[in-house]
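Visitor: So you can see what is in the structure, the chains are spelled out below.
Number of protein chains: 2
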Amino acid sequence: MNAEILTIGDEILIGQITNTNSVWIAQQLNLIGVKVVHMASVADDEKAIVDAFDAAQKRADFVFITGGLGPTKDDITKKTFSKYFNAELILDDEVLKQVSSFFIKRGREVTEINRNQALVPKGCFIINNLNGTAPGMWMKKNNTVFISLPGVPYEMKAMITDGVLPKLVAENKFPNIYHKTVLTNGIGESALAELIESWEDNLINKNIKLAYLPQPGMVRLRLSSTGPNLEDLKKNIESEIENLKIIIHKYIFGYENYGQETPSLAKIVSELLRENKKTVALAESCTGGYIASLFTSIAGASDIFKGAIVPYTNEAKHNLLQVDESVFSSVGAVSKECVEQLAKNVLNKFGSDFSIAVSGVAGPTGGTDEKPVGTVWIAVSSKEKTLAFKFIFGDDRQRNIVMTSQTALNLLRKLVLKEA
Amino acid sequence: MNAEILTIGDEILIGQITNTNSVWIAQQLNLIGVKVVHMASVADDEKAIVDAFDAAQKRADFVFITGGLGPTKDDITKKTFSKYFNAELILDDEVLKQVSSFFIKRGREVTEINRNQALVPKGCFIINNLNGTAPGMWMKKNNTVFISLPGVPYEMKAMITDGVLPKLVAENKFPNIYHKTVLTNGIGESALAELIESWEDNLINKNIKLAYLPQPGMVRLRLSSTGPNLEDLKKNIESEIENLKIIIHKYIFGYENYGQETPSLAKIVSELLRENKKTVALAESCTGGYIASLFTSIAGASDIFKGAIVPYTNEAKHNLLQVDESVFSSVGAVSKECVEQLAKNVLNKFGSDFSIAVSGVAGPTGGTDEKPVGTVWIAVSSKEKTLAFKFIFGDDRQRNIVMTSQTALNLLRKLVLKEA
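So the sequences go chain by chain: E and L.
My numbering puts the first residue of the first sequence at 1, with every later residue one more than the last.
My numbering puts the first residue of the second sequence at 1, with every later residue one more than the last.
Each hint should be verified, as a subset may be incorrect.
Computed spacing ranges between beta-carbons, pair by pair [what the hints assert, rightly or not]:
{"#": "1", "chain 1": "L", "residue 1": "Leu195", "chain 2": "E", "residue 2": "Lys414", "range": "48 to 56 Å"}
{"#": "2", "chain 1": "L", "residue 1": "Gly332", "chain 2": "E", "residue 2": "Asn2", "range": "53 to 61 Å"}
{"#": "3", "chain 1": "L", "residue 1": "Ala158", "chain 2": "E", "residue 2": "Thr18", "range": "19 to 27 Å"}
In case anyone wonders, no lab produced these hints; they're calculated from the structure.
Glycine residues also receive a C-beta, built at the ideal position from the N, C-alpha and C atoms.
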């Protein structure tokens, strides 16, 4: 079955906001085996909306529409929707109750303009909106289902997850589909492709599709399969992942299961530390606080994160973290000696079980022949041992910061697991 | 004049990548006064592409197409483009030279598949691609100009900026348009709207449009005007900004000039410190390294940034930054006393001219009746004085981190400018 995603709003066409709704909806539909054949964005303009409805109806079994459901005059999706279906707008008591309670909870008055949010086209199936005031609407025309939802991402997402997808799956016979994604760090996309070439070639016989999803510091490998029996698909994919592990075990740091969000390396390491009741501290020079911000963006970070020192000058490395001054004059701050001392001393300072230390040339300037831009030393330390590694990433400052952080997190993961 | 943006690629429709090309192109076109009336995304599929071309041709004077120009078999935009225009593909010597030099520079061989990148439809105007191998193509059909560009953002952006826009502006008579954006911090969108209501009402007489562009920790106000004389437009907008300053001077932290990227608060503060040859150090509790990462993401940060300590536990606040233990037992770590001591001590530790210290309840848990989630204390300090302020942001952890960071940066800006 085919779907189309239509996002409505002037703010999209003037480039004021990035359309993230379409990509999220596409992911959800892809997961249940519905193919998205077209995406479009149009302005808050009746003719543009109707033309888009007509075009979509010819292409798709399901049309997902977001945006234009606010209470102000510029939002015309609901009016256009009811006109398109030739259905008058009537007040829905259930929706009115919900809208009223939404305002009452927040200590605000229910104005006339808010009451109008409870108007829906006669005959439409209502998708409840627990996080806002605009109800979702589900109507059918010539075998095409139109589903209109608010453009506010967290309202729309909850309505799709809790209202739309269950109804869609219950009413239709979609092919069974199973995905599992293998998360890797420490190897680039093309090197990975070469390494697993013969394993990959074999997947076609197993009716498994493979997608490479690269991003800085991580390549995700998504295996998908479609067929009559979900248990068979799952068994098939799990068994191929076992075969894959034999080849690339040392690069795999986690998995993303069917329907889950991709867990970040920081999250995987945080959970590993939490399970083991261990803590970490950081000495971040070239990443400048980025690794700390990854750990602390996760709720509950204080269980596992003791803190960080960002010693951005040699003086600070010496004064705050007792790196020997002779290190700077002999081998420099971007060196094995420096990160080893930083890692050991930051662990002692915070009294943590583990530590990470990084020092490098993030760029775009500061490189030398001996240590070009992108040269980074990373050390990870436990109370028992300290390991240091050298990397040469690339020319781009931001990318170097991300690559260094991801690599350091994965080294710590291995140390905690006693694999390093 | 109207434009349409068409992005081509399976990876968009399966939700593998967020389409950021469309929003960027829309912004560029908006800046020169071209209205985007439609955006669409289709798969790497001939029929889908041709249908989209046909539909776009009816709506738009200019169709911007990105994607599907890679050398592999799944990319079919160029083949479809030449078929659509009934123009055979011919080898272009200039493009071939460029493609060859691209590979030679990188020490790689020019294979047959790479040579094919130099094939272009007969009669097309070529847009040079200095960052990759796929040339851009500009062709006209029934008064509609089709411009096909690679999907790789940095290749496409350079080609639009250096090749497409100058040609577009030279060949067409677009209305003169002038924008200037006022950057504010410390006031929400609706409070701001109330404050400047009568000023805003007056803009219509001056033929100036106002857009509110809110994001966490910042509301941008964009003034735009269209007319026959660019100097008049500029004078008009600058004079209205002078009037605006009288009302909201204390919230304005910067400006974004016509055609420039929005400068971040971290960038504005960094430049201010650099101009004054001053340095900063940070003690970040609830922001957990985020402010440090904002400073250090900017090239040349070491001129102005001495470093940071992220004391995520009370123990670390005491051991590393000498906060009196009595503070924790009396008023707690989220307090005026705590951030004042942190700010003073981190300034001394790093020997910096200025410092920021933050401590708060980022959430989602850890709130109390007295200090609910979102409560944050921020101190900024120079060698002469230390100022502390209390804020109550919201429920969302990530948003609280961003709001705290932006607010702290703006307080530091005022301190450096002696406005605080």
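Visitor: If a hint holds in the structure, say so; if it doesn't, say that too.
Guide: Evaluated hints:
1. L:Leu195 x E:Lys414: 48 to 56 Å: holds (55 Å)
2. L:Gly332 x E:Asn2: 53 to 61 Å: holds (58 Å)
3. L:Ala158 x E:Thr18: 19 to 27 Å: Cβ of L:Ala158 to Cβ of E:Thr18: about 20 Å, so the range 19 to 27 Å holds.
Of the numbered hints listed earlier, not one is contradicted by the structure.
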